[in-house]
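Asks: Let chain A serve as the given structure and place chains B, C and D with the ligands on it in line with the hints.
One-letter residues, chain by chain:
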Amino acid sequence: MAAVREFESEIVAKRSVMDDAHLVDLSAPSGLVAAMRPGQFVEVLCRVDGSYDPLLRRPYSLYATDPANDRFTLLVRPYGRGSEWLGQQRPGATLDILGPLGNAFEIRPKSRHLLMVAGGVGAAPLVMLSQRAVARGVAVTYLMGAMDAGSLLPASALPAAVEYLVATEDGSQGHRGYVTELVADYIQWADQIYSCGPEPMFRSLRQVVRQHRVTREPRVWVSVERTMACGLGACLGCVVETRRGMRTSCVDGPVFEMDDLLW
Amino acid sequence: MAAVREFESEIVAKRSVMDDAHLVDLSAPSGLVAAMRPGQFVEVLCRVDGSYDPLLRRPYSLYATDPANDRFTLLVRPYGRGSEWLGQQRPGATLDILGPLGNAFEIRPKSRHLLMVAGGVGAAPLVMLSQRAVARGVAVTYLMGAMDAGSLLPASALPAAVEYLVATEDGSQGHRGYVTELVADYIQWADQIYSCGPEPMFRSLRQVVRQHRVTREPRVWVSVERTMACGLGACLGCVVETRRGMRTSCVDGPVFEMDDLLW
Amino acid sequence: MADCSVDLAPRNPRELRLANPVIAASGCFGYGLEYAGLIDVQRLGAFVSKGITPEHRSGNPMPRITETAGGMLNAIGLQNPGIKGFLKKYPPVWEGWRVPAIVNISAERVADFAMMARLLDETPGIAGIEVNISCPNVAAGGYCFGWDAAMSAEVTRAVRQATTLPVIVKLSPGAIDIAGVALAVEAAGADAVSLINTLVGMAIDIRRRRPILANETGGLSGPAIKPVALRMVYQVAAVVDIPVIGLGGIMGVEDAIEFFMAGASAIQVGTMIFPQPTRLMTLIDGIDAWLDEAGFQDLSGIIGLANAGMLARRTAPAVAAAG
Amino acid sequence: MADCSVDLAPRNPRELRLANPVIAASGCFGYGLEYAGLIDVQRLGAFVSKGITPEHRSGNPMPRITETAGGMLNAIGLQNPGIKGFLKKYPPVWEGWRVPAIVNISAERVADFAMMARLLDETPGIAGIEVNISCPNVAAGGYCFGWDAAMSAEVTRAVRQATTLPVIVKLSPGAIDIAGVALAVEAAGADAVSLINTLVGMAIDIRRRRPILANETGGLSGPAIKPVALRMVYQVAAVVDIPVIGLGGIMGVEDAIEFFMAGASAIQVGTMIFPQPTRLMTLIDGIDAWLDEAGFQDLSGIIGLANAGMLARRTAPAVAAAG
Ligand SMILES: Cc1cc2nc3c(=O)[nH]c(=O)nc-3n(C[C@H](O)[C@H](O)[C@H](O)COP(=O)(O)OP(=O)(O)OC[C@H]3O[C@@H](n4cnc5c(N)ncnc54)[C@H](O)[C@@H]3O)c2cc1C
Ligand SMILES: Cc1cc2nc3c(=O)[nH]c(=O)nc-3n(C[C@H](O)[C@H](O)[C@H](O)COP(=O)(O)OP(=O)(O)OC[C@H]3O[C@@H](n4cnc5c(N)ncnc54)[C@H](O)[C@@H]3O)c2cc1C
Ligand SMILES: Cc1cc2nc3c(=O)[nH]c(=O)nc-3n(C[C@H](O)[C@H](O)[C@H](O)COP(=O)(O)O)c2cc1C
Ligand SMILES: Cc1cc2nc3c(=O)[nH]c(=O)nc-3n(C[C@H](O)[C@H](O)[C@H](O)COP(=O)(O)O)c2cc1C
Ligand code: FES
Ligand code: FES
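Residue numbers (this note's numbering), protein chains in the order written: chain A, 1 to 263; chain B, 1 to 263; chain C, 1 to 323; chain D, 1 to 323.
Chain A on its own, in the form it takes in the complex (with noise of 0.2 Å):
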C-alpha cells in the first residue's frame, strides 16, 4: 500500500459538470498520485486556519489521476457546508489534504467484462476504474443515473472505448426510472460488477443480481460511504459490519464485495 501523506496541495483548475458540481484539479507531492488507485479517496481539510468549525475532514474519491504532472481530479458536488466550501474555493487557492486513503476496486486478472453502477457523485471513483480497465484492454460498460439529464456525467468524461447508458428519473435523457433498471441485461456479461451511489441505489442492485445471478459469479463490489473522522482505522467510528465482523470503511473499505456486507 502506498504511504499516506498531509500535504499541500494547490487548486490547479477547476470546471462545472453535472449541474452545480465541480471537477477539482489539484496538485500533489512528486511522485505520490503514480501510487493512487481506483477507489481510493482523500480527506480534504474544509476551512481556513485559526477556525476549527467545521472540525473534520471531507473524504473524496478520486476521480482521475495524472501521474505524468503529479496532478488528481476529484468530484466535489455543495452539499453541506464543508462541501460548498470546497465548491468555492478558486484556482491557486491551496488546499490540506490526507490521502490515498483506503483500499481499491480490483480488476482480476482474468476479467474481460467490467459493468459499473453509478448513481450521482459515485460516478466519481468508476471513472477513474473504467479508464484503468479500458487502458489494460478490458471492455467497459457504465450505467449512470441522475434525476435529470442536467445531473448526469458527460459522455466525454469517459474514454471513447466505453459504453455509456444513463437513466433518469424525469426521463429527459436515457431510459427513465432508476438506472438499477438497466443492470439485469448485462449481469451473465460481466465477470465483475462495480457500484458507487446512494444505499437504497446498492439495495435495488443487491436484489437484480440475486433475482439473475445463478453462481456466486459475477461478484460485487460497492464503494460504501460513512461519516469518517480519521480515515486511517483509528476510531473505529466509520466501521460496517461484514461476515467478517466489524471493519473500518476507511481502511478495509470503502470498498466491500457486496456479499460480505451485512446490511
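Among the clues, some could well be false.
[As the list claims (entries may be wrong)] Covered by chain C, according to a simulated footprint, are these stretches of chain B (three or more residues, beta-carbon under 8 Å):
| no. | segment |
| --- | --- |
| 1 | 52–63 |
| 2 | 69–77 |
| 3 | 162–170 |
[What the hints assert, rightly or not] Example chain D residues on the side facing chain C (calculated, C-beta under 10 Å, incomplete):
| no. | residue |
| --- | --- |
| 4 | C4 |
| 5 | H56 |
| 6 | S58 |
| 7 | G70 |
| 8 | L78 |
| 9 | W147 |
| 10 | R209 |
| 11 | R210 |
| 12 | M251 |
It is worth saying that the hints were derived from the structure and are not from the lab. For glycine and all other residues, C-beta sits at the position ideal for the given N, C-alpha and C.
Replies: Relative to chain A, chains B, C and D with the ligands alone:
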C-alpha cells in the same frame, strides 16, 4: 443617533497601507453612510456561512465615509484570526456588517485648534475626524507614532490642511521615540485633544497632559478598545469604569473623556 | 402558517402564552430596549431580562468576556441595578409592550429569591419569572443551588409561595442528575423549566500568564455547548410533565428544530444574538416555514418527535392526568 | 532546545519518563500502528491505546460519530479485542518501540479493573496504565465511577494493588467536584491523573427524526470543550501533588501552553489527530520553540504559571514534603 443596521456589504476596493494593513472600501445601504460619525465603528462577521468559528464579530473604527456613493472605509491590520480572514477577502466579496455603533468624537462649536494623537491602527477614526474638522475650517495637528517609517500613515491620507508630524521608535522617519513626546508643544495651542491607540500610549498621554495643563482645558477624548460581543449595550462585556460608574464602551463609548476614566 | 403559539405555564391560571416559541435569553438581550432600534422586539415570543439580584451590583472587573472555539466565556458578574432600581426603570416601559417580559432572578439566599418574587408579583408589565439556580448558596458554603435536587426544590418552593406569576426554573448543567433536579422543581411548583445555563470554563492568556477573565472562570455558551444542552433537554423532557424550554448554542432554524424534537416546547437564544441579532426574526419565520414544508399544522406536532422516552410516556395510559 | 522531558510517575520506582510532554490520547490513535506510515510515532512523548475491556466488544451500532460546532460526538462503544486478544496482538510489537505505550482500561466492575491491571503488570512492552473511570458501575446501578470520589478511589486502590506499573487515573468531567475526586484517587495511590474525558452530548437528525448516533448520546470532544477541560485542570492542579495530564480540545501549541500554565505536566491530544495528524510532530517542535523564545530552560518552568492556587501551594512551607 442614527439607526443601527445589520447589512450585507460588498468590498468595492482594497489597497495596502501602513505596511501589512489594508484599506477596505465597503458598500452600505442607501442613506446609512450619511449618518456615520467619526469615532463610531462597525462590527464585521469574520466567517463564512456554515462556520461558527470565530463566533463573534470584530469591531473596526470608521476610517472614512463617502455618503454620495454610499461607501465607507475601514483600516484593517492583520493580527489574529478575524483580521487575517478579513484581510484575505477580495473585492467582490460580501461581508455581514452591524453598525454604525457607539458614540463619536465631538468638535465643540468654539474649537479652533484640534490636536490628534494616533498610535498604529488607532489612526483610523482620527483620519475621519480630521476630514470633518478641516471641512469646518478648524485647524488640525495630527501626530502619529509607529515602530518604523513603513508602518506610518502616508501624509496623503490626510487633508492637505492638516499639519502632520510623526514619530518612529526606530527613528526611520520624524521624531525618534514615542509620539507622546511630541504632544507637550501643542497643549497650550489645542482647544481639544483626541487620541486613539494602545493603552500604554494613553498612559503617557495622560502624564504629559497632566504635566503641562494648567486648567482642566484642553480636555482629552480617547477611543478605548475592549473585547466586544454585542456592540449594543446588552451583554455588559465591554464596560469601562468611569467616575460615573460602569459604562459600556460600545454604546456609551468607545469615546470617553480621559479624566472620566478610572484606570 | 403553522400554529406556533405555546403556553409555557399550562398549570397556572395566569398562563404564559407566547405567539411563537422564540425567546431571547437572559443576559443576552439586556432589558429588551437595547435591540429596539434594530429588530422588531414585539415580534419575539418573549424575552428574558438580565439577571436581577436583591441589591445593585457593578459586576466583575474586566476582562469579562473572551471568545473560544465555537463559543464564548463570560463572567459579567450579574451587573444590574438591583431589584428596586430595576422595578422603577423597566417594567413601566414593558407595560406598553405586546411581547411578554420575563424577569430572571438570582440570589445567594432562598429568602432573597422569595423577596424578589414577591415584589415582581405585584408589578404590572411582567409576564413571568425565570429563577436562575446556577448561583452559589451561601447557606451551603457556596455549593451551587442547581447542582442539588433538594436545594433546587427549596428555592422553587419559596418562589412559588411568593407569587402566582408563571415560574420557570432555569437548570444548571453542572448537575450530575439533571432529570432528577427537574423532577424535584416540578414537584415544588415550577410551571416550566429552562435549560441549560452556561458550563464553567476558562481560558488563559499565555502572554500575561494568567487567566484571561479577571474572574478566572466564566460561563461557556454558544454552539460549542449545543450537544450538551440538547442531551440534557432530551433527558429532562423524557421525565417531566411541565413544558421544557431548551437553550444552549442555538444559531439557526435547524438547531431549533433539534431542540423541539428533543422535547422542548420553546427555545431561548442567547449568544447567537450577539453576532447575528436579526436572526431572531428569521428564526421565527424560519421555524414556521420549516413546519409548513414538513407538513405540520402546529409546533406541538414535532415536540419530542426524536425523544423515545417522551413518546413512550405520551402513549402510556395517563395515570397522572388527574394531577 | 529546552528540556521538555517529564516523569509522570515521580512516586513510582518504575517511573513513566517521557522525552516530551505530547501524548496521543486514548481512542484517537488506535494502537499506535495506524499512524506509523504517516508520522514518526517513536518521537511522541507517549501514546495511549484504545480502551481495553475484560472481554471482546464489537462496539455500538452505526452511526457512531457526528460532527458538531468545533467538536465531535462519538459513541464507539469501546470496540476492542478484549484484554486477552489485546495482549497477544499489541504489546509484543510495542516491545521493540522506543515510545512508551500506555494501556487504557475500562470496566464496569472493580474486580475487572484489577484483573486487567494484573495481566498488564506482567507484560513486557507496556509503560503504564490509564484507568478510564468514566464508565458505569454496575454495582451502583450504572452510576458512573468517575462522578463519585469514593467510587473513583475504590477503582484506583484495586488497580494500585494489582500492579506496580505507573497508574494514571483518567477523570470524568461529569463530576461536580473534580478536585475532590482527584484528591481521592491521589490518596488511593494514583501516580498521575489525566483529564478530561468527553462530555456527554447529543445531536438529532431532523430528517430522520431521531438522534444521529445509534447510541443516542455520545462523548463530546475537540476544541469546543477546551474551556471546560482547562478549568478542570486548573482546579485539580491547584490541589494535588501528583502530575496532572491535561487534555480536551488541544489543537495547537498555544492551546498546549495554556494547559501547562494551568498546571498540566503533560498533555494528551485526541480529536486533533483526526483532521491534522502531522500536527503531533509540529506540536512537539512547537512547544520546544515556544519555550526557547520565551526564555525558559525547561518545560517545568511554565507548569502552573497561571495557576494562582498552585503557585501559592508551591511557595508555602512544604509540610507534606515528607509524604
Ligand atoms: C469514501 C467517500 C468518498 C466520497 N466521495 C465523494 C465524492 O467523490 N464527491 C462528493 O461530492 N462527495 C463524496 N463523498 C461525500 C463527502 O465526503 C461529504 O460527505 C459531502 O461532500 C457532504 O459534506 P458537507 O460537509 O458538504 O456536508 P455536511 O455538512 O457534512 O452534511 C450535512 C448533513 O448532510 C448529511 N449528509 C452528508 N452527506 C450526505 C449525503 N451524501 N446524503 C445524505 N446526507 C448526507 C450529514 O450527515 C449532515 O447531517 C464521499 C464520502 C465518502 C465516505
Ligand atoms: C472600538 C474598536 C475599534 C477598532 N478599530 C480597529 C481598526 O480600525 N483597525 C483594526 O485593525 N483593528 C481595530 N480594532 C481591533 C479589532 O477589533 C480586532 O481586535 C483586531 O482586528 C484583532 O482581531 P483578530 O480576530 O484578528 O484577533 P483575535 O484572534 O481576536 O486576537 C488574538 C489575540 O490577541 C488579542 N488581541 C486582540 N487585539 C489585540 C490588540 N490590538 N493588541 C493586543 N492583543 C490583542 C486577543 O485578546 C486574542 O488573545 C478595534 C477594536 C475596537 C474595540
Ligand atoms: C454575556 C452573558 C450573560 C448572561 N447572563 C445571564 C444571567 O444574568 N442570568 C442567566 O440565567 N443566564 C445568563 N446567561 C446565560 C444564557 O442565558 C444562556 O443560558 C447561555 O448563554 C446558553 O445559551 P446560548 O448558548 O444560546 O448563549 C448569560 C449568558 C451570556 C453569554
Ligand atoms: C473517537 C474517540 C474515541 C475515544 N475512546 C476513548 C477510550 O477508549 N477511552 C478513553 O479513556 N477515552 C476515549 N476517548 C476520549 C479521549 O481520549 C479524550 O479524553 C477526549 O476526546 C478529549 O480530548 P480531545 O478533545 O483532545 O479529543 C475517545 C475520544 C474519541 C473522540
Ligand atoms: S474514519 Fe476512523 S476508523 Fe475509519
Ligand atoms: S459589547 Fe456588549 S455591552 Fe458592549
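Asks: Confirm or reject each hint.
Replies: Hint check results:
no.: 1; hint: 52–63; verdict: holds (count 6)
no.: 2; hint: 69–77; verdict: violated (count 0)
no.: 3; hint: 162–170; verdict: violated (count 0)
no.: 4; hint: C4; verdict: 16 Å, violated
no.: 5; hint: H56; verdict: 28 Å, violated
no.: 6; hint: S58; verdict: 23 Å, violated
no.: 7; hint: G70; verdict: 3 Å, holds
no.: 8; hint: L78; verdict: 19 Å, violated
no.: 9; hint: W147; verdict: 5 Å, holds
no.: 10; hint: R209; verdict: 5 Å, holds
no.: 11; hint: R210; verdict: 5 Å, holds
no.: 12; hint: M251; verdict: 8 Å, holds
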